[in-house]
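Residue numbers (this note's numbering), protein chains in the order written: chain A, 1 to 267; chain B, 1 to 267; chain C, 1 to 312; chain D, 1 to 312.
These aren't lab readings, by the way, just hints derived from the structure by calculation. Treat the hints loosely; a few may be bogus.
As the list claims (entries may be wrong) - Within a straight-line C-alpha distance of at most 30 Å, the following computed DSS-like cross-link-like pairs (lysine-lysine) qualify:
1) C:LYS276 with B:LYS74
2) A:LYS86 with B:LYS185
3) A:LYS74 with B:LYS185
4) C:LYS276 with C:LYS13
5) B:LYS241 with B:LYS185
6) B:LYS86 with D:LYS276
Quick caveat, the model's predicted, so the values are computed rather than measured.
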Amino acid sequence: MDVAAEVLSNTHLSSDYNVLALAAPDIAERALPGQFVMVKTGDRLEPLLRRPFSVFEVLREQGKPIGVSLLSKKIGPSTHLLFDAKVGDRVQCLGPLGRPFAPVVAPDEAWMVAGGVGLAPFATLAETLRAKGIQTTLYYGARRAAELFFLDWFERLGVTLQLTTEDGSRGERGRITLPLERSLKARPQSAAVMIYACGPEPMLAAVAKMAAAHGRPSQVSVERVMGCGLGGCYSCVIPIKTSEGKPHHVRSCIAGPVFRGDEILWQ
Amino acid sequence: MDVAAEVLSNTHLSSDYNVLALAAPDIAERALPGQFVMVKTGDRLEPLLRRPFSVFEVLREQGKPIGVSLLSKKIGPSTHLLFDAKVGDRVQCLGPLGRPFAPVVAPDEAWMVAGGVGLAPFATLAETLRAKGIQTTLYYGARRAAELFFLDWFERLGVTLQLTTEDGSRGERGRITLPLERSLKARPQSAAVMIYACGPEPMLAAVAKMAAAHGRPSQVSVERVMGCGLGGCYSCVIPIKTSEGKPHHVRSCIAGPVFRGDEILWQ
Amino acid sequence: MNLSVRIGSLTLKNPLIAASGCFGYGTEYSDVIDIATLGGVAVKGLFLAEREGHPPPRIVETPAGMLNAIGLQGIGVHRFIAEKMPELRARGAVVIVNICGTTLQEYVELARILSDVEGVHALELNISCPNIKEGGITFGCSVHGTADVVSAVRKVTKLPVIPKLTPNVTDITSIARAAEEAGADAVSLVNTFLAMVIDVETRRPRLSNIVGGLSGPAIRPIAVRMVYECRQTIRIPVIGMGGIATATDVLEFMIAGATAVQVGTANFVDPLIWPKLLSGVERYMERHGLATLGDLTGSLDTSAREKEWISS
Amino acid sequence: MNLSVRIGSLTLKNPLIAASGCFGYGTEYSDVIDIATLGGVAVKGLFLAEREGHPPPRIVETPAGMLNAIGLQGIGVHRFIAEKMPELRARGAVVIVNICGTTLQEYVELARILSDVEGVHALELNISCPNIKEGGITFGCSVHGTADVVSAVRKVTKLPVIPKLTPNVTDITSIARAAEEAGADAVSLVNTFLAMVIDVETRRPRLSNIVGGLSGPAIRPIAVRMVYECRQTIRIPVIGMGGIATATDVLEFMIAGATAVQVGTANFVDPLIWPKLLSGVERYMERHGLATLGDLTGSLDTSAREKEWISS
Ligand SMILES: Cc1cc2nc3c(=O)[nH]c(=O)nc-3n(C[C@H](O)[C@H](O)[C@H](O)COP(=O)(O)OP(=O)(O)OC[C@H]3O[C@@H](n4cnc5c(N)ncnc54)[C@H](O)[C@@H]3O)c2cc1C
Ligand SMILES: Cc1cc2nc3c(=O)[nH]c(=O)nc-3n(C[C@H](O)[C@H](O)[C@H](O)COP(=O)(O)OP(=O)(O)OC[C@H]3O[C@@H](n4cnc5c(N)ncnc54)[C@H](O)[C@@H]3O)c2cc1C
Ligand SMILES: Cc1cc2nc3c(=O)[nH]c(=O)nc-3n(C[C@H](O)[C@H](O)[C@H](O)COP(=O)(O)O)c2cc1C
Ligand SMILES: Cc1cc2nc3c(=O)[nH]c(=O)nc-3n(C[C@H](O)[C@H](O)[C@H](O)COP(=O)(O)O)c2cc1C
Ligand code: FES
Ligand code: FES
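Sequences and hints are given; from them, build the entire structure.
Structure follows, in C-alpha cells:
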C-alpha cells in the first residue's frame, strides 16, 4: 500500500521533534501497534531512499480512520524535510509494514519502556491495551523534561507514568532502566507482566536482559537502517540466537521490527 | 558579489513564464543592461550547478536600487524551482557578470530583437536608451500571443513594437526576422541604426547576418551552457573569427554574453 | 504494443528486469506487484551453501546513490530451489538466477544443479561482487578469469549464460569480448563501484565491511558509457543497469546499446516503479513512431548536433 | 591554528587546493577571493602549444555531479608564463602547474621550461584526462606508462612532482606504487570518471565529444575509497579529491588518508567556498582537540564499531 499522503498538520514539539499528521485512510485502517511505514520525503534524489517511521497515532473522524501521524526526531535529511513539511505537501508512505506488538490479555500487566523518540509505537499500543482494560505503565526516559511528550495524553488514557531524564529536569535522574529494575524486583512472581520496549538499541539490550533476568517476557522494537522495508535488500538484519549457537541474521523489516527480547543476540 | 537574495514576489505570466523579484541592492546598483547573474536555487545537490539569468528589471524604492527581477522560462530543474519559489525564500545570486550591451548615442536608432525569453535583457536596455532619448524599436517574436509579455510597459516607455508569433495569434505570423528584414531594406543608409539581439542562437545568427548584409552593426547576447560564469570552467565558449581564419573559442561568460554580431563564427 | 526482447534463446515480454540483490528472491515482492509482469527477475546472488553475510550496518546513503555491503547473505541454492522456486513458478516469474562461487568448480556445480530446475530461465554469473573477496571478483577483474568461468559454465548448461561484469576495471570491453568468445549469450553490466563512506565524527567507516558497492543514479553516466562501449565491441546482447530510476533512464541505456535493463536501487525507493517505467517506454515508442525496441537499441546518433531554437 | 601541510619539499599554509581546470588560471578568481589564502592553486591543464579544445556543448549536469569534455583548451605554457604568472606571483598564489603531454618528450619539455619559472611551486602531471585521447591517459592507465613519465620528469626538475591518477583503472594502488617508485613526491587523485549522457529525445550525446569526465559529489565515495587504498599502499602524500563540497567532505578525505585535498566542481557552485571549508575544518580540529592535520590524515578507525544510543 503506497500512498501519496497529504500533510494535514505539522506540530512542532521542540526544536527537533514534530508530529506530522498524514491523510492515509487505507494505512490507518490496517495499521497495528508497532508497525511502521516507509516514507519518501520529496521527489528528489536526496534523500534517495525511504525511511522507516512507526505509526504514532491512528487519526479518526467520527470513529473512522482517516490517516496516521508520525512522531519524528530531526537527525538528517529526511527528518529535516518531515520537520519542515507544510500542510498540503505530499509524503509518500508505504505500509503498514512489519510484525506488530502482541498484546497481552488481562490480568497480565503491560509495561512499556520508551527511550526518546522510541515513544512512537506506544501511543497506539497503549490505546489497544487500555481498551482491553489492561493495567499499563509507561517507563519513559529522555534527555530532559522538555523532551518528554504527550504525558497528559497517556495519563488521560489511564496509563501509569514512570519518568526519567538524563539531566534530572523531570522525574528520576538517569536512565529508564533504573525504575524498571526496581519495579521488576518489587513485583511478585505470581503476577504476570509483559515488557514492551522501543528506543536506542543499547537500551533495548539492557531491558531485554533485565526482563529475562527476572523471568519476564519482553517484546522489543528494533531500529535498523532499512533500505526497502519489504525484505528485498537485506540491509536491516539483526543477529538472532540459534540452536546451533552461531547467530543468524534475520531481516528486521519483515521478521520484526518487534522481536522477543530473548531471541536477539545482543552485541 | 554573491547574495542570498530574498524573494520579494513571484509573478506567474503563464504556465511556464514567471518574473521573480529578488532583494539584492548591491547587484541592482551595479547591474548594466545585458549583464547576468549566476543563480543557485535551493541548497540541494539537484540542481547542482548555478544557472545564468539576465537581469530583467532593476527594482527601485524611492529611486534607490533595492533588487533585481528575473524573467524565467521553465525548461528544467532550476527554472522549475524559480517558478515555484515562494516569497521569503532565498535564491543565491552571483553577479552582475559579463559584458553589457554598449548603448548607442542619438541620433542613431536602436532596434532590439527578442526571441521568446530573449526579451529579458531588453527592459533595462530600453530604459537606458529611452533615458538618452534614443528612438527605440522592439522586434519581439514568440510562439503565440499569450507569450508576448510586457508590451504595454515597453509602449509606455515610448518603444515602438514590431510583433510576430509563430501561430499568427498576434502580430505578424512567422519569425521576427521577417519584419526586421523589411525595416532594414526600407531604411536609408544615411540613418544609422544599432541592432541588439537576444534569443535562440539560430535567431541570433540570422539577425547578425541580416544586419551585416545591410551594413548595420549588431550586438548579440548569446546563450551558452555555463558552469561557473566567472571564466573558470571553459564550458561556455563560442567560436570567434580570427585573422588566421581558424575559429577561436572564447568564454562567453567573460568575453560576452554580448558580442558584436560579426565577431562570431555562426555554425 | 510489442515490447519483447530476446536474450539468447530467451524471450522476455519486456526489457525490465529486477536487478539481483535488490528484489530478494522475488517472493518478497509478490504481494506488492504481479512479478509475472516483469521481463525477468534476477534473484539475490546464490552460493551453493547458506551464508550469513556481513554484520550490519550494511548500507549507507550517498549523494544520489547508496553504498551496500550485504556480503551475499543467502539461503544457498538447495533451499532456494526447495523453498522459493515453487512460488516463483506458480506466479509465472521469469527467473534469472544470479550465481556466485568462490571457485570455478562452484560456478559449474551451481550451473549443473540449476539447469535441471523447472522455471529457471537463465543464469547470471556474478563475477563482480565488489564487497566480498571470494565473490568471484577475482574472476571478473581479469580477461582470463572471466573466460574461464564462462566457458566452464557454458559446457554444463543449455540455459542462457549471462556473466555480470564489474565496472571496476580499466577496460570493460576486453572483459566483455572475452565473455563473448567464451560462449556467453549476453553480458549484464554494471555491478556496483567499490566505494566507502566515513563518519567523520567517529572517524569510522559507515559500513561494518569498511568498503561497499556504490549504486543508484550517481553512477548512471559511467554505466551508460560502459554499455555504449560494449555495444561497439561485442555482438551479443548487453543488459544495462546502473542508476535507472525513470523511463527516460531506461531509454538512455537502450539508446546506448542495451537490449534489456535491470533496475535495483530505484526499486527500493519505489517498489511500484515497474508499470511506470513500462508505460513511459510505451509512450516514447508511440511518440517516436517506433515499432519494436530493436529500433531503439544502439540507436545513438553521434553525428554532429545541429542547434535548436531552445529558448523560443 | 596551524593547518599547514607538507607535500614533498613544499609547505602549504592549508590543505585546500583549487583543482585543475576548475579555477581557470587562478587569475579569473582574483577579484572574487584572495587566492593567496588557498593552500595552492592547480591551474588549468597546460600543453606546450595553445589548444582550442572540443566544440561545445562541453558540460552537462548529472545526478549530484557533472560531465565535462572541455578538451583541454588552453593558452599553452609560454603564454601562461608571460601573461598569467606575473599576476599569480604578485598575488602570492602557490601555483601548481598541471601539465599535459601527447608524448613523454612533451612532459619533459614542459617540466624543464616551468622549473626555471619563479612562482611555480609544483608540477602536477595530468596523465589522466579522460576526454582527449592524447591527454596522457595512455600513460596514466598503465603502470609502465606512469613510471616512464614520472621518472623522465623527475630527472629534469627539482620541483615537487605530483602525478595525477585516473580512477578508470582496475587497481589504482599499483599505479600509485609505480609513481612512488619512479620518484614522485606525492600523487593526486582522482581525475574524472569517463562517462556519458544521452538526450533521449534527440538520441544524441549531450556532449559534442560524446563522452566526458564525471565529477562532483556523485563520485565522492569511490574517490574516498581510492584515497584510502593508496594510503595503505604508498608512503608519499596523497592529495585527495572528488566531490568535495563541504568541510565534512574535506575531513572525510583526510581521515581516509589525504594530506591535502583539491576542490573542483564545488568551486563552480560556490566560488566563495574556500573560507567556509577552512573554518569548518578549524572548528572540527578544536572540537576534537587535534593540534595538527597530521593527527587527522589516515586516522580512520577500522576497529569494530560499538553501538550508540542513537535515538535518545
Ligand atoms: C522500524 C523503525 C521505526 C522507526 N520509527 C521512527 C519514528 O517513529 N520516529 C523517528 O523519528 N525515527 C524513527 N526511526 C528512525 C528513523 O528511521 C531515522 O531517524 C531516519 O531514517 C533518519 O533519516 P534521516 O534522513 O533524517 O537521517 P539519516 O541521515 O538517514 O540518518 C542520520 C543518522 O542516523 C543514523 N540512522 C538512520 N536511521 C537509523 C536507524 N533506523 N537506526 C539507527 N541509526 C539510524 C544514520 O546512520 C545516520 O548516522 C525508526 C526506525 C525504524 C527501523
Ligand atoms: C547569459 C545567459 C542569460 C540567460 N538569461 C535567461 C533569462 O533571463 N531567462 C531564462 O529563462 N533563461 C535564461 N538563460 C537560459 C537559462 O540559463 C537556462 O534556461 C537555464 O540554465 C535552464 O536551467 P534548468 O535547470 O531549468 O534546465 P536545464 O536542465 O539546465 O536545461 C534544460 C535544457 O535546456 C538546455 N540549456 C540549459 N541552459 C542552456 C543555455 N544557456 N543555452 C542553451 N541551452 C541550454 C539544457 O542543455 C537542457 O537540454 C540565460 C542563459 C545565459 C547563458
Ligand atoms: C543492496 C544491494 C544488493 C546487491 N546484491 C547483488 C547480488 O547479490 N548480485 C549481483 O550480481 N548484484 C548485486 N547488486 C548490484 C545490483 O544488481 C546492480 O548491479 C547495481 O545495484 C546497479 O544497479 P542500480 O543502480 O539500479 O541499483 C546489489 C545491489 C544492491 C544495492
Ligand atoms: C570542467 C572541468 C575541467 C577539468 N580540467 C582538468 C584539467 O585540465 N586537468 C586535470 O588534471 N583535471 C581536470 N579536471 C578534473 C578536476 O581537477 C578534478 O580532478 C575532478 O573534477 C574531481 O574533483 P571535483 O569532484 O571536486 O570536481 C577538470 C574537471 C572539470 C569539472
Ligand atoms: S529493509 Fe530491505 S530487507 Fe529489510
Ligand atoms: S561559464 Fe565557466 S568559463 Fe564561462
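Just pull the numbers of the violated hints for me, sorted ascending.
2 and 3
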